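Asker: Here the structure of chain A is known, so what remains is to put chain B in place on it, guided by the hints.
Here are the chains, one letter per residue:
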Amino acid sequence: MSEEIASTSNEIKTPTDFMSNYKGEIAIRLTDLKKTFDGKDFVITGMNLAIPKGSLTAIIGFSGTGKSVILKHILGLYKPTSGKVEVLGQDVSLLSFDQLTDFRKRFGVLFQSAALFDDMTVLENVCFPLIEHRRDLSEEQVIKIAGEKLNQVGLEAKHFEKLPNQISGGMQKRTGLARALALDPEILFYDEPTTGLDPILTEMVDDLILETHHLRAGQTSVMVSHDLDAAFRIADYVAMLHAGQVLLFGTPEDFFKTNIELVQTFVAKGLKRSQPT
Amino acid sequence: MIQKSVRYIDKFADYLTSGFTGFIAESGAVLLFMGSSIRSSFRRPNRYLEVIRHMEFVGNQSVFIIMLTGTFTGLALAYQIYLGFKMVNATNLVGPIVALGISRELGPVLTGLIVAARAGGAMAARLGTMKVNEQIDALDVMGVNTKQYLIAPRIYASIICMPLLCAIFDFVAIGGAWFLSVKVVDLDEAVFWDKVTHTVEIRHINEGLFKAAVFGLVFATICCYRGFNTSGGAKGVGEATNRGVVHSMVMIIVLDYFLTSLLRMVEAAMGFQV
Numbered sequence: 001m002s003e004e005i006a007s008t009s010n011e012i013k014t015p016t017d018f019m020s021n022y023k024g025e026i027a028i029r030l031t032d033l034k035k036t037f038d039g040k041d042f043v044i045t046g047m048n049l050a051i052p053k054g055s056l057t058a059i060i061g062f063s064g065t066g067k068s069v070i071l072k073h074i075l076g077l078y079k080p081t082s083g084k085v086e087v088l089g090q091d092v093s094l095l096s097f098d099q100l101t102d103f104r105k106r107f108g109v110l111f112q113s114a115a116l117f118d119d120m121t122v123l124e125n126v127c128f129p130l131i132e133h134r135r136d137l138s139e140e141q142v143i144k145i146a147g148e149k150l151n152q153v154g155l156e157a158k159h160f161e162k163l164p165n166q167i168s169g170g171m172q173k174r175t176g177l178a179r180a181l182a183l184d185p186e187i188l189f190y191d192e193p194t195t196g197l198d199p200i201l202t203e204m205v206d207d208l209i210l211e212t213h214h215l216r217a218g219q220t221s222v223m224v225s226h227d228l229d230a231a232f233r234i235a236d237y238v239a240m241l242h243a244g245q246v247l248l249f250g251t252p253e254d255f256f257k258t259n260i261e262l263v264q265t266f267v268a269k270g271l272k273r274s275q276p277t
Numbered sequence: 278m279i280q281k282s283v284r285y286i287d288k289f290a291d292y293l294t295s296g297f298t299g300f301i302a303e304s305g306a307v308l309l310f311m312g313s314s315i316r317s318s319f320r321r322p323n324r325y326l327e328v329i330r331h332m333e334f335v336g337n338q339s340v341f342i343i344m345l346t347g348t349f350t351g352l353a354l355a356y357q358i359y360l361g362f363k364m365v366n367a368t369n370l371v372g373p374i375v376a377l378g379i380s381r382e383l384g385p386v387l388t389g390l391i392v393a394a395r396a397g398g399a400m401a402a403r404l405g406t407m408k409v410n411e412q413i414d415a416l417d418v419m420g421v422n423t424k425q426y427l428i429a430p431r432i433y434a435s436i437i438c439m440p441l442l443c444a445i446f447d448f449v450a451i452g453g454a455w456f457l458s459v460k461v462v463d464l465d466e467a468v469f470w471d472k473v474t475h476t477v478e479i480r481h482i483n484e485g486l487f488k489a490a491v492f493g494l495v496f497a498t499i500c501c502y503r504g505f506n507t508s509g510g511a512k513g514v515g516e517a518t519n520r521g522v523v524h525s526m527v528m529i530i531v532l533d534y535f536l537t538s539l540l541r542m543v544e545a546a547m548g549f550q551v
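Just so you know, the sequences run in chain order A and B.
Under this note's numbering, the residues of the first sequence are numbered 1 to 277, in order.
Under this note's numbering, the residues of the second sequence are numbered 278 to 551, in order.
Isolated chain A, as found in the complex (with noise of 0.2 Å):
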């Protein structure tokens, strides 16, 4: 992933301009891609995003800039009202409930509150996409899979019988983490994973997130974020978003080369905050 980066990073400018040169494979590309609501405001522009398979990509933006209606996109959950949604070479937008239902499989989300099921146990909690989908497998299979996988996010076995309001929310993100992992998906997806949290949770959740990614070789990860240090700590490659539009794609280095101004003055703000004063 480096070599690609660095083959590339000089070049790129725009999302255009980088997948006309990336040479590797595209998990998730977005074109032309225009979303409205109410028939009149355009929330999402013309987009065009192509984000590379086995790499973490985090989407940045200000508010109200339509990350999370790019993310419910890629998901499946909203239409576009034209263009096109490509994962992992299928557009999603053309596959019918039964087919989409059977295609989210694939994904794993991490959403920003965690989305336990409050009236399951922790254990219970990742033993349920195992439960839906892997028929195949006998209970004591499923369960052993799913402590390997709370195991594998750091998550004690004294844990996995309490229910999520029962533990803190570093462990409710952890296991929010292992359920996403629990059907070893081939995109992972993190809707504002640290938003809320405090400094020492947030570095927590980033080196999770960074662990798990290099762990699972071949695994694309998408960070959807307003954390503009952990963005550029973490990920591999970042796209800004402004006015329904990707105003800014490249490698962290890039965000700190270029002259465009918003970018300069969302960057500058945003690690400002983070610093200590």
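Hints should not be assumed to be uniformly reliable.
Unchecked claim - The calculated EDC-like cross-link candidates involving lysine to aspartate or glutamate, where the alpha carbons are at most 20 Å apart (straight line), are:
{"hint": "1", "chain 1": "A", "residue 1": "Lys105", "chain 2": "B", "residue 2": "Glu466"}
{"hint": "2", "chain 1": "A", "residue 1": "Lys72", "chain 2": "A", "residue 2": "Asp32"}
{"hint": "3", "chain 1": "B", "residue 1": "Lys424", "chain 2": "A", "residue 2": "Glu25"}
{"hint": "4", "chain 1": "B", "residue 1": "Lys424", "chain 2": "A", "residue 2": "Asp119"}
{"hint": "5", "chain 1": "A", "residue 1": "Lys79", "chain 2": "B", "residue 2": "Asp414"}
{"hint": "6", "chain 1": "A", "residue 1": "Lys105", "chain 2": "A", "residue 2": "Glu186"}
{"hint": "7", "chain 1": "A", "residue 1": "Lys79", "chain 2": "B", "residue 2": "Glu411"}
{"hint": "8", "chain 1": "A", "residue 1": "Lys269", "chain 2": "A", "residue 2": "Glu186"}
{"hint": "9", "chain 1": "A", "residue 1": "Lys79", "chain 2": "A", "residue 2": "Asp98"}
{"hint": "10", "chain 1": "A", "residue 1": "Lys158", "chain 2": "A", "residue 2": "Glu186"}
{"hint": "11", "chain 1": "A", "residue 1": "Lys162", "chain 2": "A", "residue 2": "Asp119"}
{"hint": "12", "chain 1": "A", "residue 1": "Lys158", "chain 2": "A", "residue 2": "Glu192"}
{"hint": "13", "chain 1": "B", "residue 1": "Lys460", "chain 2": "B", "residue 2": "Asp471"}
{"hint": "14", "chain 1": "B", "residue 1": "Lys363", "chain 2": "B", "residue 2": "Asp465"}
{"hint": "15", "chain 1": "B", "residue 1": "Lys424", "chain 2": "A", "residue 2": "Asp118"}
{"hint": "16", "chain 1": "A", "residue 1": "Lys257", "chain 2": "A", "residue 2": "Asp229"}
{"hint": "17", "chain 1": "A", "residue 1": "Lys79", "chain 2": "A", "residue 2": "Asp91"}
{"hint": "18", "chain 1": "A", "residue 1": "Lys34", "chain 2": "A", "residue 2": "Asp102"}
{"hint": "19", "chain 1": "A", "residue 1": "Lys72", "chain 2": "A", "residue 2": "Glu192"}
{"hint": "20", "chain 1": "A", "residue 1": "Lys84", "chain 2": "A", "residue 2": "Glu124"}
{"hint": "21", "chain 1": "A", "residue 1": "Lys105", "chain 2": "B", "residue 2": "Asp414"}
{"hint": "22", "chain 1": "A", "residue 1": "Lys105", "chain 2": "A", "residue 2": "Glu124"}
{"hint": "23", "chain 1": "A", "residue 1": "Lys162", "chain 2": "A", "residue 2": "Asp102"}
{"hint": "24", "chain 1": "A", "residue 1": "Lys105", "chain 2": "B", "residue 2": "Asp417"}
{"hint": "25", "chain 1": "A", "residue 1": "Lys79", "chain 2": "B", "residue 2": "Asp417"}
{"hint": "26", "chain 1": "B", "residue 1": "Lys424", "chain 2": "B", "residue 2": "Asp414"}
{"hint": "27", "chain 1": "A", "residue 1": "Lys162", "chain 2": "A", "residue 2": "Asp118"}
{"hint": "28", "chain 1": "B", "residue 1": "Lys424", "chain 2": "A", "residue 2": "Glu132"}
{"hint": "29", "chain 1": "A", "residue 1": "Lys72", "chain 2": "A", "residue 2": "Asp91"}
{"hint": "30", "chain 1": "B", "residue 1": "Lys363", "chain 2": "B", "residue 2": "Glu466"}
{"hint": "31", "chain 1": "B", "residue 1": "Lys424", "chain 2": "A", "residue 2": "Glu211"}
{"hint": "32", "chain 1": "A", "residue 1": "Lys72", "chain 2": "B", "residue 2": "Asp417"}
{"hint": "33", "chain 1": "A", "residue 1": "Lys158", "chain 2": "A", "residue 2": "Glu132"}
{"hint": "34", "chain 1": "A", "residue 1": "Lys72", "chain 2": "B", "residue 2": "Asp414"}
{"hint": "35", "chain 1": "A", "residue 1": "Lys79", "chain 2": "A", "residue 2": "Asp38"}
{"hint": "36", "chain 1": "A", "residue 1": "Lys72", "chain 2": "B", "residue 2": "Glu411"}
Said to hold, decoys possible - Stretch-level coverage of chain A by chain B, calculated; a stretch enters the list once three of its residues show a Cβ under 8 Å from a Cβ in chain B:
{"hint": "37", "segment": "108-114"}
{"hint": "38", "segment": "131-138"}
Don't read these hints as lab results, they were simulated from the structure.
Please read these numbers as outputs of a predicted model, since none were measured by experiment.
Even for Gly, the Cβ is constructed at its ideal location relative to N, Cα and C.
Answerer: Below, chain B alone, put in the same frame as chain A:
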């Protein structure tokens, strides 16, 4: 002055029109929601265990409150009818009138209202909370058909449990009427039971049970729809619960009249006397 009046009339007409079109659109959305949820239940995997889990919540956990309200409804109704019929010296008709009223109307309607408030409200609140906490999105992206997993089992559980709860309500309410008539106001027990068994037919009880099943379908669908489409955090959950319960209750009462009329027509066509 006249212009102001015209403006008010215009505003009122707009309010009525938008209210009516809104009601039609909303009813259509609820019906589509019900249709897609029920259709999803015919796909694999089956959700029998979920249905049983929700039956425990809708049915088992409602038994006590149904018995309590049923008993006192029977007592109060029998007492009122006794007082009225005493004036025309027809107290031997207290039993059959109470039994008919309970089994055909009050049983299903009151069971519907009570279970809609208890279980329907809880359904709307639970689904609303799941929605705002992204748990429904999590299920979606996990490749789980959320209508099949969350909605259809609740609808089926309500359809199955409501007639059972209604039967319990009927039983304890008639028991309450018997207690009031025989033990409190000293009517003849043999006459009470003789009149009840001669007047109330199985079809009267079935009519009530059928209505109860329909009310189960109605409140479960409306409350699940409200919960499933919640937005706006804790306030949204509160509003969804409130609207779910209120709309369910109104629909149960309105639908009861139309169901009664429909069943009368069917019975008349089949040659039964009222």
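Asker: If any of the earlier hints don't hold here, list their numbers in rising order.
Answerer: Hints 1, 3, 8, 10, 12, 18, 20, 23, 31, 33 not satisfied by this model.
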